[in-house]
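Student: Each chain, letter by letter, is given below.
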Amino acid sequence: MSRLLRAVLVAGAVAAVTFNLVTFYVNGWPGPPGPAIYVITSTLVLLAYLVVGLVAWQVHPGERIGLLFTITGYALLLPSLTNLHYALPFTIGTITASLYQACLAHLALAWPYGRLRSRLDRAVVAVNYCWNIGNNAVGILFWNPRTNGCSAACPANLFLVDSSNRLQSDITNSASIVGICITAAVVALIAEHWWSARGYSRRAMTSLIWVAVPIAAYIGLLEVPGSLGVSNLVLYGIGPLILIAAPAAYAIGMFRARTARGAVGAALVGLEPGPAPALLRDALAKALGDPTLQLAFRVPDHRCYVDTGDLPVDADPLPAGRMMTQLDPGARAVLVHDDELRHEPELVRVAAAAASLALEHSRLRAEIQTQLEQVRASRARIVEAGDTARRRLERDLHDGAQQRLVTLSLALGIARSQAAGSHPELEALLESASKEAREALAELRELARGLHPAVLTETGLPGAVQALVERSPVATAVIAVPAGRFPATIEAAAYFVVSEALANVAKHAPSAAAQVMIRQRGGQIVVEVSDDGPGGARPEAGSGLRGLADRVASVGGALQIDSPPGCGTRLRAQIPCP
Amino acid sequence: MPVTVPAEAPLRVVIAEDAVLLREGLSRVLTEAGMEVAGATADAERLLQLVATLSPHVVLADVRMPPTQTTEGLQAARQIRQQWPGTAVVVLSQHIETEHLFELLADDPRGVGYVLKDRVADITQFTDAIRRVAGGESVIDPEVVSRLVARPRRDSPLQTLTGRERDVLALIAEGRSNQAIAGQLWMSAKTVETHVGSIFAKLGLAPAAQDHRRVLAVLAFLRC
Numbered sequence: 001m002s003r004l005l006r007a008v009l010v011a012g013a014v015a016a017v018t019f020n021l022v023t024f025y026v027n028g029w030p031g032p033p034g035p036a037i038y039v040i041t042s043t044l045v046l047l048a049y050l051v052v053g054l055v056a057w058q059v060h061p062g063e064r065i066g067l068l069f070t071i072t073g074y075a076l077l078l079p080s081l082t083n084l085h086y087a088l089p090f091t092i093g094t095i096t097a098s099l100y101q102a103c104l105a106h107l108a109l110a111w112p113y114g115r116l117r118s119r120l121d122r123a124v125v126a127v128n129y130c131w132n133i134g135n136n137a138v139g140i141l142f143w144n145p146r147t148n149g150c151s152a153a154c155p156a157n158l159f160l161v162d163s164s165n166r167l168q169s170d171i172t173n174s175a176s177i178v179g180i181c182i183t184a185a186v187v188a189l190i191a192e193h194w195w196s197a198r199g200y201s202r203r204a205m206t207s208l209i210w211v212a213v214p215i216a217a218y219i220g221l222l223e224v225p226g227s228l229g230v231s232n233l234v235l236y237g238i239g240p241l242i243l244i245a246a247p248a249a250y251a252i253g254m255f256r257a258r259t260a261r262g263a264v265g266a267a268l269v270g271l272e273p274g275p276a277p278a279l280l281r282d283a284l285a286k287a288l289g290d291p292t293l294q295l296a297f298r299v300p301d302h303r304c305y306v307d308t309g310d311l312p313v314d315a316d317p318l319p320a321g322r323m324m325t326q327l328d329p330g331a332r333a334v335l336v337h338d339d340e341l342r343h344e345p346e347l348v349r350v351a352a353a354a355a356s357l358a359l360e361h362s363r364l365r366a367e368i369q370t371q372l373e374q375v376r377a378s379r380a381r382i383v384e385a386g387d388t389a390r391r392r393l394e395r396d397l398h399d400g401a402q403q404r405l406v407t408l409s410l411a412l413g414i415a416r417s418q419a420a421g422s423h424p425e426l427e428a429l430l431e432s433a434s435k436e437a438r439e440a441l442a443e444l445r446e447l448a449r450g451l452h453p454a455v456l457t458e459t460g461l462p463g464a465v466q467a468l469v470e471r472s473p474v475a476t477a478v479i480a481v482p483a484g485r486f487p488a489t490i491e492a493a494a495y496f497v498v499s500e501a502l503a504n505v506a507k508h509a510p511s512a513a514a515q516v517m518i519r520q521r522g523g524q525i526v527v528e529v530s531d532d533g534p535g536g537a538r539p540e541a542g543s544g545l546r547g548l549a550d551r552v553a554s555v556g557g558a559l560q561i562d563s564p565p566g567c568g569t570r571l572r573a574q575i576p577c578p
Numbered sequence: 001m002p003v004t005v006p007a008e009a010p011l012r013v014v015i016a017e018d019a020v021l022l023r024e025g026l027s028r029v030l031t032e033a034g035m036e037v038a039g040a041t042a043d044a045e046r047l048l049q050l051v052a053t054l055s056p057h058v059v060l061a062d063v064r065m066p067p068t069q070t071t072e073g074l075q076a077a078r079q080i081r082q083q084w085p086g087t088a089v090v091v092l093s094q095h096i097e098t099e100h101l102f103e104l105l106a107d108d109p110r111g112v113g114y115v116l117k118d119r120v121a122d123i124t125q126f127t128d129a130i131r132r133v134a135g136g137e138s139v140i141d142p143e144v145v146s147r148l149v150a151r152p153r154r155d156s157p158l159q160t161l162t163g164r165e166r167d168v169l170a171l172i173a174e175g176r177s178n179q180a181i182a183g184q185l186w187m188s189a190k191t192v193e194t195h196v197g198s199i200f201a202k203l204g205l206a207p208a209a210q211d212h213r214r215v216l217a218v219l220a221f222l223r224c
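From first to last, the protein sequence lines stand for chains A and B.
Under the numbering used here, the first residue of the first sequence carries the number 1, and numbering increases by one thereafter.
Under the numbering used here, the first residue of the second sequence carries the number 1, and numbering increases by one thereafter.
Be aware that a few hints might be false.
What the hints assert, rightly or not - Computed beta-carbon distance windows for the label pairs:
hint	chain 1	residue 1	chain 2	residue 2	range
1	B	Arg164	A	Pro534	56 to 62 Å
2	B	Pro67	A	Arg538	44 to 50 Å
3	B	Glu36	A	Lys507	30 to 36 Å
4	B	Glu45	A	Asp562	46 to 52 Å
5	B	Gln69	A	Pro534	40 to 46 Å
6	B	Glu36	A	Pro487	46 to 52 Å
7	A	Lys507	B	Ala150	15 to 21 Å
8	B	Arg164	A	Gly544	18 to 24 Å
9	B	Gly34	A	His423	44 to 50 Å
10	B	Ala150	A	Asp562	30 to 36 Å
11	B	Gly34	A	Gly547	50 to 56 Å
12	B	Glu45	A	Leu364	35 to 41 Å
13	A	Arg538	B	Thr191	51 to 57 Å
No wet-lab data here; the hints were simulated from the structure.
As the structure is a computational prediction, the values presented were derived from the model and not from experiment.
Cβ coordinates follow ideal geometry from the N, Cα and C atoms, glycine included.
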């Protein structure tokens, strides 16, 4: 709508309202000015149609509904022309007195976007227009205002052919029957529109039903001769207020569409981050007011789509009445919805943007989750590979160097026994060589143990922990160790926790007493090593503890150190154990 | 179970050790020490067959042997003691693991020895250990015992023992008889008896007359 047109229409609306108010008080018809209610009612109705029409036109320039409201507003002004005591406007006003009814029927059948849907609609609307004008045009030929209670003050009827009151009354009565039939046809078509409406437009059609029924009833009542005895004050003074229902309903619809955009946000904010697609679909369907909405994903390397329940979606080609909105440039995810939603492009755009954000969030989350799992798995593999290497080294030492040293010791022993008595110097030499070999063996034994204790693999935690405690230079008590066997990585983690903890006690609190407790509880193995030393240990100090935390984390556990100054130290590892 | 060996006949031994050189070395040492090496093998399964057919007086078995290289020797030793009570077993280990030791001794410590491989360097001591086990005694490697005795302890009755009593305690744990202890510590059998009584009283252990019972009692005490 151009600025000029808008200015003209707004000025026209102001003029119409002014005209209505002024003429009523200046002239008054039929007879002297009646109660103020007549002018207030008609002005309110007029204003409602013009204001809603102009606003709707402004908001949805591509739709004709605003124009229809505006035209209906002006049509509502036409009967007021009879208030001018000049023959021509009086006559025009009389002929077009019920044109607004045809406009209302048009409005209802074109609801909510201003388009008539079918030929039948168009035919009914056209017939209705012709009927409304024609009926009055014929009636006026035989209607003399002066003999119908409008004294000498009334202007002349320019089209008067014959002042036959009887003829005029017959025409009016038969016309009423036709009028009621046409009104009934309009109501039937509206009902059909409502019935066939699906998805998004159903809501708009439902609001029309609430409006059309009382308006049609009111207009029907006007058609009935004598109006079933309803007084003029009610019929013309208060009754027209019913007409305001139509612009009011439309205005509410517009307001709803506007708040619906906000509702899209609210609906999606209500979802937890990265929602399941089915939940996202439900939220979108609710926000867009289209229960038939489908959230569909393209099957990779195919053109077909499936919905959130993996059922195929008709997307290529789309069935009639459906519309597709892409959620990403490659159309990998789309919304398939009622095509009435094309009248709410802004709403759909907001919903699509929110949906693609939510999907993107889900995708990123899934990606991070996958990466995290990969990192976890690789960390576990690294620790396991380290353990395997240590085990192999220990075995190589045992089967290789240690075995050879034992054999060497034996050979030295044999040599010594042969040298005994005869070669005292050689015997002393062999004795010292034997001692060296024994010490080398002892050192190698401890080295192999440190790499990987064979007793852990062979007998499990109790024996291995016992061995640690027997070796520790710290007075240590074993409170509890579960007797069963666990997966090797878990046993190794628990073992190294005890080993590292006891080594730390020996280093930082050699005179303390320590306690070792390993318990299996609720799918977890809890390893606890505590001492009554000076406390104050800092977890970040020492690479041993860091390495230990890594090892525990590699099996999905957590390491915790509790060391208040003066109150001893407690190292606690919780390791999940299925 | 007591092991009976005729005094005049040479001790019949079967060796199970997977390292060839060591196996041959051991075989030579034992032969030179006047024993008869009736058979030698590299794995536990064959060992059981040899014991069944040769009925040796003593079996010398490595803890770790093929196929799994874990504790086959130990398992075989237990089985031999159960199945052939007339055959004593000396287990050779490269580890000081009391877990293994207790597993071995738990059934019955008589005729069982747990000796570190290092011990082969002193041939006299080594062959003596084999003879003692064959004679039905228990032999626990001195290094294992000394580690248990030396463990740091808090509020333990062990701290009330005198130095001499500790020496006696260690020898008891090694499986020695009162007579042997008396010989080794240069004291009379009477004095040893007094020390033993005092030790058992201080540690709160029930007095045990038989050697094999007191070995277990003392070891269990030291291990806690």
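Student: Give a verdict on every hint.
Tutor: Comparing the hints with the structure gives:
The beta-carbon spacing between B:Arg164 and A:Pro534, approximately 37 Å, falls outside the hinted interval of 56 to 62 Å. Range check, B:Pro67 to A:Arg538: about 48 Å between beta-carbon atoms, so the 44 to 50 Å window is met. Range check, B:Glu36 to A:Lys507: Cβ separation about 53 Å, and the 30 to 36 Å hint is violated. Look at B:Glu45 against A:Asp562: about 51 Å separates their beta carbons, and that is inside 46 to 52 Å.
Between B:Gln69 and A:Pro534, the C-beta spacing of about 44 Å keeps the proposed range 40 to 46 Å intact. Taking the beta carbon of each, B:Glu36 and A:Pro487 are about 47 Å apart, inside 46 to 52 Å as hinted. Our hint of 15 to 21 Å for A:Lys507 and B:Ala150 holds, since their Cβ atoms are close to 19 Å apart. Between B:Arg164 and A:Gly544 the beta carbons are some 41 Å apart, a value that contradicts the proposed interval 18 to 24 Å.
Between B:Gly34 and A:His423 the CB atoms are about 23 Å apart, so this pair departs from the stated range of 44 to 50 Å. Distance hint check: the CB atoms of B:Ala150 and A:Asp562 are about 31 Å apart, consistent with the given range 30 to 36 Å. For the pair B:Gly34 and A:Gly547, the beta carbons lie near 54 Å from each other, so the given range of 50 to 56 Å is met. Under the hint 35 to 41 Å, the C-beta atoms of B:Glu45 and A:Leu364, about 59 Å apart, miss the expected range.
Distance hint check for A:Arg538 and B:Thr191: the Cβ-Cβ separation is about 55 Å, which falls inside the suggested range of 51 to 57 Å.
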